[in-house]
Amino acid sequence: MKVGYLGPEGTNSEEAGLLYVKKLKQKAELIPFSTFFDLITAVNRRAVDEAVVPIENSIEGTIGIVTDMLVKEVDLKIKREFVLPIFHYLIAQKGVRLADVTDVISNPPVLDQCRDFLRKNLPKVKLHLAYSSSDAVRQVAVSLGERVIAHGKVKGHVFAAIGTKASAKLFNLNIVASQINAKENQTRFVVLAKTDHPRTGDDKTSIVFSIAKDRPGGLHDVLTEIADKDINLTKIESRPSKKSLGDYYFFADMQGHRSDTDIQIVLNNLKRKTSFVKLLGSYPRGK
Numbered sequence: 001m002k003v004g005y006l007g008p009e010g011t012n013s014e015e016a017g018l019l020y021v022k023k024l025k026q027k028a029e030l031i032p033f034s035t036f037f038d039l040i041t042a043v044n045r046r047a048v049d050e051a052v053v054p055i056e057n058s059i060e061g062t063i064g065i066v067t068d069m070l071v072k073e074v075d076l077k078i079k080r081e082f083v084l085p086i087f088h089y090l091i092a093q094k095g096v097r098l099a100d101v102t103d104v105i106s107n108p109p110v111l112d113q114c115r116d117f118l119r120k121n122l123p124k125v126k127l128h129l130a131y132s133s134s135d136a137v138r139q140v141a142v143s144l145g146e147r148v149i150a151h152g153k154v155k156g157h158v159f160a161a162i163g164t165k166a167s168a169k170l171f172n173l174n175i176v177a178s179q180i181n182a183k184e185n186q187t188r189f190v191v192l193a194k195t196d197h198p199r200t201g202d203d204k205t206s207i208v209f210s211i212a213k214d215r216p217g218g219l220h221d222v223l224t225e226i227a228d229k230d231i232n233l234t235k236i237e238s239r240p241s242k243k244s245l246g247d248y249y250f251f252a253d254m255q256g257h258r259s260d261t262d263i264q265i266v267l268n269n270l271k272r273k274t275s276f277v278k279l280l281g282s283y284p285r286g287k
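For the sequence shown, the residue numbers in UniProt numbering are 1 to 287.
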């Protein structure tokens, strides 16, 4: 069995992938992909069996490219979900202390999640962007444009990266400061596959829909269908459809399984009250 994840090695996505395959009852090979597009389309064309992807972060919100691709670009279902606590570490070459650091490199979401630490402890530091946190750690370890000299110093500058504990170990670097991200930093990961999960009795169902036209009560009519069946709506969020300004898709998570009678009735009724509705899958509720 082949399971894809957003690489490179040493990322939180790899950690999520490792946690997932450990729970599988069969042997699985983890395969990294460089972009969300490559990862998700690989599952869609059956180059891999499943993909572990982040879909929502407690600080940054929804990972838009993932939800957008699920709408119309691929025919995939959410098979599982789980929440992973996210911790970031300030990483540098051995011998570098916190007071030595003049430049910090990581990808934009990670820098944003660590902004409070940086403002308090490194207020004068210069920030640099990398493709991923693991790539930032790699740059500190091996190149930074082939200008690195002793202890990460580049023309009087001392670089550190923000990444995972695993990436520090992977590149044999030193952790200067631990868990520097904002509190309650969690990422919801989902497993995408061609089929979703059988009913367990403690499930969630995800759908996406759009309303025929911008009219008073359009969204209310949809929500009423769900409420009338006493179904718990655990999440609803809008995303631009990218068709025209003011046109949106609505993503909703409901408690229950698509095989439940009440949810079947709701899904059938929504076909009459929306211009588009798609089942994104039923899966065990993440603990």
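For the record, the hints were derived by calculation from the structure and aren't laboratory data. Check the hints yourself; a few may be wrong.
Here are the computed distance ranges between Cβ atoms for each label pair [to be verified]:
(1) Ile265 x Pro240: 39 to 47 Å
(2) Lys94 x Asp230: 25 to 33 Å
(3) Asp75 x Pro240: 17 to 25 Å
(4) His128 x Asp202: 38 to 46 Å
(5) Lys2 x Glu73: 14 to 22 Å
(6) Asn172 x Lys22: 23 to 31 Å
(7) Glu184 x Pro123: 38 to 46 Å
(8) Ile59 x Pro123: 16 to 24 Å
(9) Lys235 x Arg97: 42 to 50 Å
(10) Asn172 x Arg115: 34 to 42 Å
(11) Lys25 x Asn232: 54 to 62 Å
(12) Glu237 x Lys25: 19 to 27 Å
Straight-line distance between alpha carbons at most 16 Å, and here's what the computed EDC-like set of lysine to aspartate or glutamate pairs gives [what the hints assert, rightly or not]:
(13) Lys278 x Asp116
(14) Lys235 x Asp116
(15) Lys194 x Asp75
(16) Lys183 x Asp75
No experiment lies behind these values; they were computed from the predicted model shown. For glycine and all other residues, C-beta sits at the position ideal for the given N, C-alpha and C.
Now for the hints, and whether the structure bears them out:
{"no.": "1", "hint": "Ile265 x Pro240: 39 to 47 Å", "in the structure": "violated (30 Å)"}
{"no.": "2", "hint": "Lys94 x Asp230: 25 to 33 Å", "in the structure": "violated (60 Å)"}
{"no.": "3", "hint": "Asp75 x Pro240: 17 to 25 Å", "in the structure": "holds (22 Å)"}
{"no.": "4", "hint": "His128 x Asp202: 38 to 46 Å", "in the structure": "holds (45 Å)"}
{"no.": "5", "hint": "Lys2 x Glu73: 14 to 22 Å", "in the structure": "holds (21 Å)"}
{"no.": "6", "hint": "Asn172 x Lys22: 23 to 31 Å", "in the structure": "holds (25 Å)"}
{"no.": "7", "hint": "Glu184 x Pro123: 38 to 46 Å", "in the structure": "violated (24 Å)"}
{"no.": "8", "hint": "Ile59 x Pro123: 16 to 24 Å", "in the structure": "holds (21 Å)"}
{"no.": "9", "hint": "Lys235 x Arg97: 42 to 50 Å", "in the structure": "holds (43 Å)"}
{"no.": "10", "hint": "Asn172 x Arg115: 34 to 42 Å", "in the structure": "violated (28 Å)"}
{"no.": "11", "hint": "Lys25 x Asn232: 54 to 62 Å", "in the structure": "violated (30 Å)"}
{"no.": "12", "hint": "Glu237 x Lys25: 19 to 27 Å", "in the structure": "violated (33 Å)"}
{"no.": "13", "hint": "Lys278 x Asp116", "in the structure": "violated (40 Å)"}
{"no.": "14", "hint": "Lys235 x Asp116", "in the structure": "violated (28 Å)"}
{"no.": "15", "hint": "Lys194 x Asp75", "in the structure": "holds (7 Å)"}
{"no.": "16", "hint": "Lys183 x Asp75", "in the structure": "violated (36 Å)"}
Consistency with the previously given hints fails for numbers 1, 2, 7, 10, 11, 12, 13, 14, 16, ordered from lowest to highest.
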